[in-house]
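Student: Residue strings, one per chain:
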Amino acid sequence: MLLKANRLRELALGPVLMLLSLASAGAAAAGDKVNQVNMAPGATEIGQSIYDLHMLIFWICVIIGALVFGVMFYSIYYHRKSRGVTPSTFHESTKVEIAWTVVPFLILIGMAVPATSTLLDIYDFDDAEMDVLITGYQWKWKYEYLDENGENVSFFSNLRTPQGEIYNTAEKGEHYLLEVDEPLVIPVDTKVRFLVTANDVIHSWWVPELAVKKDAIPGFINETWTKASVEGIYRGQCAELCGKDHGFMPVVVNVVSKDEYAGWLETKKAEAAEIRELMAQTFTLDELMTRGKAVYERNCLACHGANGEGGVGTAIAGSAIAMGDVSGHLEIGINGVPGSAMQAFGGQINDVEMAAVITYQRNAFGNNMGDLVQPIDVYNHKKG
Amino acid sequence: MGDHHHGPAKGLSRWLFTTNHKDIGTMYLWFSFSMFILGGAFAMIIRAELFQPGMQLVNPAFFNQMTTLHGLVMVFGAIMPSFVGLANWMIPMMIGAPDMALPRMNNWSFWILPPAFLILASTLFMEGGAPNFGWTFYAPLSTTYAPPSVTYFIFSIHVLGLSSIMGSINIIATVMNMRAPGMTYMKMPLFVWTWLITAFLLVAVMPVLAGAVTMMLMDIHFGTSFFSAAGGGDPVLFQHIFWFFGHPEVYIIILPAFGVVSQIIPTFARKPLFGYDSMVYATAAIAFLSFIVWAHHMYTVGMPVAGELFFMYATMLIAVPTGVKVFNWVTTMWRGAMTFETPMLFCMGFLVLFTIGGFTGLMLSIAPADFQYHDSYFVVAHFHYVMVAGAVFSMSAAVYYWLPKWCGRMYNETMGKTHFWISFVGFNITFFPQHFVGLAGMPRRIPDYALQFADFNMMSSIGAFIYGASQILFLYNVIATIVAGKPTSEAKTWEGAEGLEWTVATPAPYHTFETPPQVR
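Heads up: the protein sequence lines correspond to chains H and D, in order.
Just so you know, we're using my numbering here: the first sequence kicks off at 1 and counts up by one.
Just so you know, we're using my numbering here: the second sequence kicks off at 1 and counts up by one.
Looking at chain H on its own, in the form it has when it is part of the complex (with noise of 0.2 angstroms):
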């Protein structure tokens, strides 16, 4: 594994190393992320300016810290009953405590002005060029990119880490549980507006180097935005506790060219309408096998297990629901169960995703029903 060779050389140095690499911090390379001691400045002015803040608050504690302990250290040492000293009685003074009132808020004042001013920045939503609206789900990112002509593209951001990495079963990869299967596409030098909101329970998306951090509350829209002015791929994860999965929906922002950013957006409009050409088609049994596996790999098995065996979510495995009526299992699959954790996958997964998940769960684990589920059925279904 790729620390190991350091570690325990980290963990004999660290408290020393910590202060040295705290204090050397704002010259660290960027990208040289592995034991990253302080907070990035990122790839947005915004962040750059919350940096700065940031440091500046962190110098101005650090010298205060300094003198207090100065302070109290040098009478620890030469205040010492042990040397012999007799104790003063002095116990008030009403000028010092007035000192030591006005002299902080004024410090505080110092520090009031530039975060002030940072704040009303980050606030400033105007003309932004785009909007991606963001929906948390447990445990996976919605994208949906806003077109005036209604040609809106969307799609859902998981987690690609396989769980083998997670329970060690194999060895972990270099962007353990921060990959995830398509990330978000933005880009550069473009003032993006992000509405986010959220599906089910409260979640929130972050990532440190583009400093957007905004809670995702099911019935409101909040709004924020980030210009990246530097090419890459930026890395974040979900920071409110959302429930099981909370540390595996982590969230994948690809900074691109406006060109290679236009040329993106074609090629995902040009699948949706493949999409929709695919709804229209009839499968056979070894097709929508293959692709059901897929789908429910991504979207059921954290809940219901690698072999239908249940989990947080009922077993699939000789289910009543799944060696039942086809459309009973069409309606949760659809329309979940309010107020369980099953939610309604209707919205979140095609129709022809949705009848290969419900033919691999009819025909898998041992279920064997023989039925198949073609797209026309789910969409007949929808439509009631």
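Think of the hints as simulated: they come from the structure by calculation, not from any bench.
Here a beta-carbon is modelled for each residue, glycine too, at the ideal position from N, C-alpha and C.
Keep in mind that a hint or two might mislead.
[Unchecked claim] Coverage of chain D stretches by chain H, computed from C-beta distances (three or more under 8 angstroms per stretch; other residues unrestricted):
id, stretch
1, 153-167
2, 227-237
3, 293-305
4, 319-325
5, 436-443
6, 450-464
7, 478-487
[Said to hold, decoys possible] BS3-like mimics (lysine-lysine), calculated; alpha carbons at most 30 angstroms apart, straight line:
id, chain 1, residue 1, chain 2, residue 2
8, H, K258, H, K269
9, H, K81, D, K187
10, H, K81, D, K417
11, H, K268, H, K191
12, H, K383, H, K293
13, H, K191, H, K33
14, H, K81, D, K10
15, D, K187, H, K95
16, H, K293, H, K142
17, H, K268, H, K258
18, D, K492, H, K81
19, H, K142, H, K268
20, H, K81, H, K95
21, H, K81, H, K258
22, H, K269, H, K293
[Stated by the list, open to error] Here are a few chain H residues that face chain D, going by a calculated C-beta distance under 8 angstroms:
id, residue
23, H54
24, C61
25, V68
26, T86
27, T89
28, L108
29, M111
30, A115
31, D200
32, G219
33, N222
Starting from the known structure of chain H, fit chain D onto it as the hints suggest.
Tutor: Frame of chain H; chain D shown alone:
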């Protein structure tokens, strides 16, 4: 004479039916220590799981139950009752009162606590598991998406809230009515002052917490939608209500600790507390400010900018009275004649580490910077510097300081000092690196983490095991003192100690100050 100078009853009934402030204080202290061990065990499970990246010991669902119960048990079971126990023991002896003003209610305040925590702990064995939504239990995770045990959790919160309110009313009544002749308000020891103010905070905010959990109960079982947007409610409303309780709660925990430190530092500096009046005013100022800063826990929920600014400015202001306190303590040491027995060591540990926690608190108050700190390990580091190095260190100091008075035996100084140094080192190894991983982007309350955080997490876990082990030494030292410590009968254990509690015999008789002393 004999009629009124009876000793304690014998056997179990002494403890079940007692109305004696010393007995009740003792029970509070032992109960809170047992909760400290339980909450500590949860913390050890958390740190063991976080020792390395990957899931090794527990699953994510159980991990969430551990973080939730660790927080609840430590805040409501360990820290709060420990200071109530201290108040029971010391306040009557400090103000020259024979007992608490409402002794039967005192018995009840204690005895409803153990059942409340039995209910809470029993949720671990229920179907669906214990509460798993964090000690802040944000809706709708704690309502629509909660395990069935949430109802038991709500009941438990109600009961322990009741206990706190009764305890506080008792303290207020005692301090206001039972001071010895001549013991004016501005002569009261600072521990009494900080507890009086704390008690008012408790009476003000515990009902708010009760309201919050009642609204949850209605949402879960009776079809209301206080916190559900689907029914016209607002999940953010929950956070406003919770933190309107939760922020004063932080001061409920730390103000009595301030009081303890203000008693102990003058004793070992052999010099009166510097700026007594300003200490009282600073405590009151902190208490007042604690009511108007709650939304600084919610900078990222999407408040309007005017709200952010108000809460930022108000929060920054807390640094002023807190600074006054720290300056006063340091000045008390200045030109004293100091010795460094265990209580003093813990107080100085408190002073250094609490001040660091105060600095990070100031950093967190800056709203734009908080957008990066919020819900990261930086916050975890911050509040453990305040809660553990603040409240728990001062509680340890208090136990060593007054233990000889309580049981008439002296603790082993070497063992006490060992306990301090292991605690101090273990604590810092645990929590200092958490500042770094937080700033580097590690969110709190996650059971597994990215590889770049691995080294500091391992360090943190090692520190936690050291800190945890040092508390076993503490327990051993206390028991060894009570059972076989060197007997002492000096009324004044410490050369520089001042106050009425040091005028009664050692060990303190079952009844003290049946005739009120004349103060000055």
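Student: Hint by hint, note whether the structure agrees.
Tutor: Against the structure, the hints come out as follows:
1. 153-167: violated (count 0)
2. 227-237: holds (count 6)
3. 293-305: holds (count 4)
4. 319-325: holds (count 4)
5. 436-443: Since 5 is at least three, the answer is holds.
6. 450-464: Since 9 is at least three, the answer is holds.
7. 478-487: violated (count 0)
8. K258/H / K269/H: Given pair K258/H, K269/H holds - Cα atoms ~17 angstroms apart, limit 30 angstroms.
9. K81/H / K187/D: Answer holds: K81/H to K187/D is near 27 angstroms, not above 30 angstroms.
10. K81/H / K417/D: holds, 18 angstroms
11. K268/H / K191/H: It holds: about 21 angstroms lies between the C-alpha atoms, which stays within 30 angstroms.
12. K383/H / K293/H: holds, 26 angstroms
13. K191/H / K33/H: holds, 26 angstroms
14. K81/H / K10/D: Since the Cα atoms of K81/H and K10/D sit roughly 45 angstroms apart, the hinted pair is violated (cutoff 30 angstroms).
15. K187/D / K95/H: holds, 22 angstroms
16. K293/H / K142/H: holds, 21 angstroms
17. K268/H / K258/H: This hinted pair holds, its Cα atoms lying about 15 angstroms apart.
18. K492/D / K81/H: holds, 18 angstroms
19. K142/H / K268/H: Status holds; Cα separation ~15 angstroms.
20. K81/H / K95/H: Given that 30 angstroms is the threshold and the Cα spacing comes to 28 angstroms, the pair holds.
21. K81/H / K258/H: violated, 72 angstroms
22. K269/H / K293/H: holds, 25 angstroms
23. H54: holds, 5 angstroms
24. C61: Hint holds; C61/H Cβ to chain D Cβ min 4 angstroms, cut 8 angstroms.
25. V68: Since chain D brings a Cβ to about 6 angstroms from V68/H, closer than 8 angstroms, the hint holds.
26. T86: Holds - the Cβ of T86/H comes within 8 angstroms of chain D, reaching about 6 angstroms at its closest.
27. T89: Where the cut-off is 8 angstroms and the nearest Cβ of chain D is about 7 angstroms from T89/H, the hint holds.
28. L108: holds, 5 angstroms
29. M111: holds, 7 angstroms
30. A115: holds, 5 angstroms
31. D200: holds, 7 angstroms
32. G219: holds, 2 angstroms
33. N222: Holds, because the Cβ-Cβ distance from N222/H to chain D comes to roughly 4 angstroms (cut-off 8 angstroms).
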